[in-house]
Amino acid sequence: MSAIGSMITKSDVVPLAPMRRPLADSRLTFVSTAGVQPIGTLPFDVVHPVGDYTFRRVPSSATPADLEIHQLKYPTDGAHRDLNVIFPIERLQELARENVVGGLTQDFFSFIGYNMDPDLLERTLAEDLARAVADEQADLALLAPA
Amino acid sequence: MTEHIKPLRAVFVPFRMGHHFGVPFHVNAQRRIIAEALDFVRTATHSGQILDLLRWADLRREGAQIEKQQKS
Amino acid sequence: MSLAHLRDALTAGDNETLIRYVRLHVGDGDEVAGRREIDKAWVQALTVLLDLPDVDRAFVLETLRTRDHATLAHLFFSLHFHLVQQSGEWIHDGDL
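Residue numbers (the numbering used here), protein chains in the order written: chain X, 1 to 146; chain H, 147 to 218; chain A, 219 to 314.
Rather than coming from a laboratory, the hints here were simulated on the basis of the structure.
Careful: at least some of the hints might be erroneous.
To be verified - Quick list of the computed label-pair ranges, beta carbon to beta carbon:
(1) X:Ala17 / A:Val266: 34 to 40 Å
(2) A:Gly306 / X:Leu120: 33 to 39 Å
(3) A:Val266 / X:Asp119: 36 to 42 Å
(4) X:Pro18 / A:Asp226: 57 to 63 Å
(5) X:Pro75 / A:Glu249: 18 to 24 Å
To be verified - Computed far set for chain H versus chain X, every beta-carbon distance over 12 Å:
(6) Pro160
(7) Arg162
(8) Asp198
(9) Gln211
All of these numbers come straight from a predicted model, not from anything done at the bench.
Don't be surprised by glycine CBs; every beta carbon is placed ideally from N, CA and C.
With the sequences and hints as input, model every part of the structure.
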């Protein structure tokens, strides 16, 4: 089945993965399609007609001033005033400081949502990201579109 | 779209694109969205479940107040 | 518009489908806006050259001679967005 306007088809349901440990002992990671990246890293390829299939690591200890956004497809007026509105890095740092979560992975992850080849996306970006998140020994991942 | 993609657990927020964690400088709202999402990891009963959350109009009004206070 | 659809169009010589895809890309999903954006880039390029300013033609020729087709095609898209940004009328929500 294919939804109108969507290239994505998915009929299978992935079973719920239960929490392995309490939230206060769990390491949290954050994965975002917001195109947020550390200043000085290669800007996401926002002009490519077929999209960009790479991701950037964003240190979870970064401040909003360390970061910039490269993408064309969502309004950034709010994010330019307060990055947390789309990439809530300071809120997540607070949750770790207050032991609401056990900790944060060393890096968070970011890519852009303009990827017109879903098969390539699944084979490359999704696989690469999943491996990177597993390497960081995340117990829990918060995923946010932009 | 979310219903179609079937993520294991999803929180639906009524904000416009680029503003999925609420409104600028509304720390409480941003925290609440994350907290509800994290809590939903524990409380969701079946895969594909979507949690409906918050009202944008209220938060936008509160956010405007916060920005006004910051400027004054 | 899926990539498979585009490849089929390419095989069939259906350039109208291919250019529609370009218009949708540069117009953020709006084909009419995309057509205007393409025109805007050309008008901007012409505007910059109208008074015959100095041009580093050696750089241009060297680039065209030494770079691969994919890099040059990407440069073409890059120049489009660069020129529309330079025009001062930016329709996109985000930033380059």
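Structure-based check of each hint:
Taken as a hint, the range 34 to 40 Å is violated for the pair Ala17 of chain X and Val266 of chain A, whose Cβ atoms sit roughly 56 Å apart. Distance hint check: the CB atoms of Gly306 of chain A and Leu120 of chain X are about 35 Å apart, consistent with the given range 33 to 39 Å. Here the CB-CB span from Val266 of chain A to Asp119 of chain X is close to 40 Å, well matched to the stated 36 to 42 Å. Against the hinted window of 57 to 63 Å, the Cβ-Cβ separation of Pro18 of chain X and Asp226 of chain A comes to about 44 Å, which falls outside the hint.
Checked against the hint of 18 to 24 Å, the pair Pro75 of chain X and Glu249 of chain A passes, with Cβ atoms roughly 21 Å apart. Residue-level check passed: Pro160 of chain H sits 14 Å from the nearest beta carbon of chain X, beyond 12 Å. The beta carbon of Arg162 of chain H sits about 7 Å from the closest Cβ of chain X, which is not more than 12 Å, so the claim that it is off the interface is violated. Every beta carbon of chain X lies more than 12 Å from that of Asp198 of chain H, the smallest distance being close to 16 Å; the non-interface claim holds.
No Cβ of chain X comes within 12 Å of the Cβ of Gln211 of chain H; the nearest lies about 15 Å off, and the non-interface call holds.
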